[in-house]
Structure formats: structure tokens, C-alpha cells
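Here the structure of chain L is known, so what remains is to put chain R in place on it, guided by the hints.
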Amino acid sequence: MRRIILAAVMVLAAHAATAFQIEEETLFPGTPNGRELSILSTTDTEIFRPLIDAFQQANPGVSLRYSVASSTEVYAAVHDDHAAYDLVISSAMDLQMKLANDGYALAHRSAQTGTLPAWARWRDQLYAVAQEPVVTILSRKGFAGLDLPHTRADLLSLMRDNPDRFRGRIGTYDPARSGAGYLFATQDARQSDTFWRLAEVMGTLDPRLYTGSADMIGDLQSGQLIVAYNVLGSYAAASLPPDGDAIILQPEDFTHILLRTALIPRDAPDPGLGGAFLDFLLSDQGQTLLDQVAGLPRINEAALAAEQNLRPIRLDPGLLVYVDPLKRQRFLREWAAAVVQP
Amino acid sequence: MKTLFNPAGSIRRRLLWLLLIGAAVLSGLLYLSVSTVARSAVETTQDSILGAATIAIAEQLRGADDGVEVDIPYTAFSMLGAVGEDRVFYRILVNGETVTGYDDLPLPDTTPAGLTPRYYSHPYQDMMVRIAAVERPVLVSSRSVAVQVLVAQTRTAQDAIVGQMANRAAALGLGFFGVAAVLAVVTARSVVQPVNSLAEAMGRRGPQDLRPVTRPVPQELTPLVAALNGFISRLSGALTRTETFIAEAAHHIRTPLATLRAQAELALRQTDDDATRATLRGVIRSVDDSARSASQLLEHAAVVYRSDQRADDRIDLAALARDIGQSFGPTADLRDLTLAVHTPDSPVWLTADRLLVETALRNLVDNAIKYSNPDGQVSIDVDQSATHASVRVSDRGRGLDGARRSHLTARFQRGGNVGDVVGTGLGLTIVQEVARAQNGSFTLSDRTGGGTCAELSLPL
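Just so you know, the protein sequences line up as chains L and R, in that order. Counting with our numbering, you get residues 1170 to 1511 for the letters of the first sequence. Counting with our numbering, you get residues 27 to 486 for the letters of the second sequence.
Next up, chain L with everything else stripped away, as it sits in the complex:
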């Protein structure tokens, strides 16, 4: 079997000769001395494995190097290190937008990219491959005897009224350490003032801060948390049994839709191959595999229109605002003042 995994390495130390950190690198070998496609992604290898297999089946002989890093490391790899990747897939829309705006992405146009709706792409450079809701997960047991909340305001008043039940059992992203968490928090803040009130109330209840959705979901399942605020819906749906203790809440006031975006870096050694993989992700086969097997919902305008509370985070220059270092400093300072209370 050619597509057998030869090497699955956990690279927790600094990647050789580069400043950015790779968490995991896997080589899916094709024929020796054949073309090699290298992808840098924030998505776990296991989630993408079915897509990689299908791509290699369609393109026999192509070796594929799949590297996983955090969204800030992915940004640094392209922006600062000009690392040699043919395709960069990240859930941090703001950082991807910054890369494209600052000229770090190559234009790519094909029949597949033409089928995307306007809100799911930017300038022939940045393309959304999946749309994922940002949800809140509740523990059924933890909420025993209380009305289940439907909106942030409901959750807020439940927390105010039952501080003892929620103390130390609320989990959320640490925006200072997680790119996705920062994006969620800033978009929440932009959308509604409720965010700051929620942050303040959470701050009084000794919240636990995380850097990944998986850890948060794990702690909720083990009973340490009863509320996980702002979790990627795709992870939640994949790891939670539908009739279990956990309830996935898409708040009715608004639920943001995160777009997982891909771009071909300016310094790509083989941009044609990167484009081929991007086209494969956007093709019907790729989208179906992402949706059905990988658990990352396909780009679907009708699904967004069907539910009024869904708000896709738009790919527009507004995303650049919170990437501004002064703005980021200021936001994190305010957030810390609200949540991290002495």
C-alpha cells in the first residue's frame, strides 16, 4: 500500500531551522521522487485523513506532507518565516484575512472556486472550505432543576441567580492564548454588549480558560464543567453522543458561523498542487467527505438562510481591525479586567 503512513511524528520541539512550532507532521507517501504537496493546517490529521486518502487516490503518485500547528503559528509560518507550504488551511479567519490582505497569498481561480458564494471567498485568494457554528455546550445534569437557556441573556441570568452551582464550572477559550478564542470573543464583542456583561459575570464565577475545544469538551463530559462557552460545533458534534448528557446550544440571539479558510502562500514551492488540493476540497466529492466523514459542515448558503440566528463571520477587511496590535492589546486588557478578577 503506497498510501500507508510511513511516519507519524509528534514534533513538539521547535521545527528544524524555523521559528514556528509544528505540533504534528505526517507524510502520506506517493511514488518516490514524485511531486510532494505540503499542507499546513490547524485541523487535526485524523479529521483530514479521509480527504487526503481520496485526493491521493485521484492523484496517484503525489506524496502529501500534512503539518498541524496552532493558528498563530500557522500565521507566523507564512508571514514571518515564508515556510514552504503549498496550501494553508486555518480556522483563524482574521489571521488568514491579514495574510491575504498583506499580499502573502497567491490568486487561484478555477471552476470549483467559481461555485462558492461571494461571502465565502475573498479576492480569488482566500476560500472557505467549511462553515462551522460556534456553540455553547451545557451539561444536562448540571442544569438539573433549572430552565435550559436559549439565549446569552438567559444564561447570564441563570449564572447571576445560581452563582454556587456555576462557580468553577464554566469553561471558555483564553483569547490571549488561542487564536480561535480571540476571534470568537472579538466577534461576540462586536455583535453585542451582552458579551461584556457575560464576561463580567463569568469573571466572578472563577472560570476555567482553555486553548482548545477538545479539552473543554472532555472536561464537560467528565463533569468538571457544566457550561462550555464558544466551542466549535464541529468538534462538539463529532465527540458527543446525541442522547448523552451534553446539550449543544446554538444561542438564539446570535450564533456565529466560523469559516475554515484555505489560501495558497506566496512562497509555495508547488502552487499548482496546492490549488489542485483546494479545488478537491471545494469539489462536490471533497465537500461531501468534509461534511459526512470529517464532520466539518460543507459550504451551504441555504442552511444559513434557514436559521435566522446564524451569522457567518464575513470575509471583509473589518477582520483586520482586531489583528491590529494596539486594538488587540486594548481588547485583551479589557477582557482581563472583566474576567480575570483578583
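Calculated directly from the structure, the hints in this document are not laboratory data. Think of the CB as a built atom: it goes at the ideal place given N, C-alpha and C, for glycine as much as any other residue. Certain hints may be false.
Taking beta-carbon pairs under 8 Å as the criterion, some of the chain R residues facing chain L (in silico) [claimed, not checked]:
#, residue
1, Arg88
2, Val96
3, Ile98
4, Phe103
5, Leu106
6, Gly107
7, Glu111
8, Thr124
9, Thr126
Chain R in isolation, oriented as in the chain L frame:
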């Protein structure tokens, strides 16, 4: 103009070219002006959005204890994405020092004043960007600090819109040109129409129609028509004078000759001296010759004059031949000649000038009688084919003796074998003139067994 248009070329074509060139120039100007206006409208709109974004940032600047607080509103950049997908750059400077943004974004040449943004285009990162800059003082610890805000945007969307509008302007220009071209064709035709209709009316006129042109014509043609009418009246006067001259000449020549002949005959009768009688006979013969010559010269002049005028009479060639035969009867008898006329029973109608045909026939018969030997025979035969009627005058005279017809029909030329017969050399010339004037033909040939056959053939 001289080099551009052939002076003998068509007025319509010249007019059409000028109109089309004019329409093309106007269409080009239309395209240029529409696309220029569109470009400036789009630019102004885009500038306003860029300026609004810059002002939105500038208005959020606040003085704080440790310096200037910058809080870029989300909408400031978000609104820049409204028109298209253009790249956005910004730079914020406090006292000339970049505090955030792209520190290589080009500054304006002069410091902008007040909250009105300064707009300028500048290359940045290998692209042309449009930049809006404002400067605003901010109070920090009671000291005024100048803060400059620059927001820049690439112009891809604007260029796309302008391109689209230019395409529409081009389509508009082409459409305008198309309509103008159709109008040009119609105009050219309508302008040239009076000239064409005048030319057509003149062309339709018969040769004798010498009436002045009275139809209404455009002002520009009036001098031409006036000149033409003057010309016509002069021509008609000249023709009238010619006719009068011929008639009067005939009168003034024939009358004294007749008087002279009568007096010579009288003298002949009164004298017995043989020598005197011989002299008087010579005088009478010379008078006869002179009368015949004068008569033929005038006849020739009349034929030439009439052939330009060409009256269209309906004549019966058979009846005409019979009349001529009858009138030459006494002359033939005098020379003991048999004159036979053969015509079809039915009339042979043709459209021709009666006087001309009659003159031609008279000359032919006169020639035949003149050159026949005594006791000879002259016959006049009239025939009709599908398109032509012909009259053939044959004799058993001395024949042509090898002379060519073209020679015999030239003026004042006679055959080489006619020295003993008086003649002017105009008879066959007259016949030839008549044949030409009536679009007919005249042939002269030797007859087998001696003699000549002259045939005049005329269209029906």
C-alpha cells in the same frame, strides 16, 4: 477637400462620407466624455467611503494618561469591503511616529488640515493605492499632540466598475454611430434627390423639346437652371434663325435663277443667230446646274438641321414610294425609261421624319434616272421585315465602277465614271445623313448583270 474627394465623384458619396466621419467623431467624443464622467463619479464615491473610514478612525482617537488611545472601529474597515474586495492598509502616527499599521505606507506631501481628508494615489506593495489622510490634534496631559491617520485601499473594484461603464459607454457610442449612419444615408439621399430628379426630367425630354425648365428646384440649383434656360433659349433662337435662313436662301437663290432662265429662254426665241443661240443654251444649262446645286445644298442643310430635331411622324413608306414614282414619271418618260414601283398591298407604317425620308428617296430615284442608259429600267421596291422597312432603288446604269460607298457618301465626292452627267456630289451624302438620323442603314451595291442597287433600311 481637394485631395480627399474626386471632383467628378458622387455628391451623395461625398456627403455620406462627411456625415459618417462627423458621426464617428461625435461617437468617439461621447464615449470619452461618458467614460470620463463615469470614472470621476466612481472615484469620488470611492474617495468618500475611504474618507469616511479615515474620519471614523480619527474620531475615535482619545487622549489618555500614557499617550494617545487608538481604537479602530470595526465598521471603519468593514465599510471598505462594501464596494469590492480591495486590499486595505492603514497607518497611524503620533507626532510623526508610527504607532500602529503599515509603517511604510507613503505619507502625503503636505499635512492635511482639519478633518477634511487629503486624497492621493501612490504605488505601494507593487500596486497603485488610493490613500486618504487626516490629521487631528489630541490633548494628552494638557498638551496638544498631532495624530495622523492614513487609510489606503487598492482600486481593483473601482477599475472593474469603471471598465464596465466604459464598455457601456462604448456600446452607447456604437449605437449612436449606428443611428447616425442610418440618418446620414437618409439625409444624403434626400439632399441629392432634387438634383437626380432634375437630371432625370432633362434626360426624358425629346430632341425637339426646347421649353424652359419651370419645375421648382432648390435654391442652390436655381442659378444652374437659370443658366440652362438661357442656353436653351439661345439654342432655340439659333435653330429658328437657321430654319429661316434656309427658307430665305432657297427663295433668294431660286427666284433670280428662275428669272434668269426665263429671260434666257425669251432671248433664245427672239434671236436667229446660231452662235448666240448656242451661247444662250449654254447659259440655260448652267442656270439649271446652279439651281440643282443650290437646291441640293439647301436640301442637305435642311436634312442636317432636321436630323438634330427629328420630328416623329407616322408615315406609310409604300404610299410615299408610289407618290415619288408618280412624280418622277415625266422625267423617266423624257429619257424613255421604265419606272416600276413594287409595294406590298398593305401600308408599311413607320415612325420617322416624313420630309427626311422623302428627300432621301427623291435623291435615290433622281440618281437612278440620271445614271441610267436610255431605254433602261428603274425599279423601286418596298419591303417590310419584323423590325425594319426598306426601300430598294435599282437601275441598269453604269454601276459603281469599284468606288467605295464611304467615298461616294462623302460630301462633294462623285464616282469616277460620271464625268458626262451633271451632279453636285451631295445626293448620297443626304441619303446617308437621313439613314443616320433615323437610326437606319444605307447600302450601295453593284447589281449582277450591270447597274446599281441602293437600299435604305429604316426601323419601324
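Status of each hint after checking the structure:
1. At a threshold of 8 Å, the smallest CB-CB gap from arginine 88 of chain R to chain L is about 11 Å, leaving the interface hint violated.
2. Of the supplied interface hints, the one on valine 96 of chain R holds, with its beta-carbon coming within about 5 Å of a beta-carbon of chain L, less than 8 Å.
3. Taking 8 Å as the C-beta contact cut-off toward chain L, the hint placing isoleucine 98 of chain R at the interface holds, the least distance being around 5 Å.
4. Annotation: phenylalanine 103 of chain R was flagged as interfacial toward chain L, and the flag holds, the nearest CB pair being 4 Å apart, inside 8 Å.
5. This hint holds: leucine 106 of chain R has a C-beta 5 Å from the nearest C-beta of chain L, less than the 8 Å allowed.
6. Interface restraint check: glycine 107 of chain R against chain L, minimum CB-CB distance 3 Å, threshold 8 Å, status holds.
7. Of the supplied interface hints, the one on glutamate 111 of chain R holds, with its beta-carbon coming within about 4 Å of a beta-carbon of chain L, less than 8 Å.
8. The closest approach between the C-beta of threonine 124 of chain R and any C-beta of chain L is roughly 11 Å, which is over the 8 Å cut-off, so the hint fails.
9. A distance limit of 8 Å between C-beta atoms decides the matter here; for threonine 126 of chain R the minimum to chain L is near 4 Å, and the interface restraint holds.
Comparing the model with each numbered hint stated earlier shows that hints 1 and 8 do not hold.
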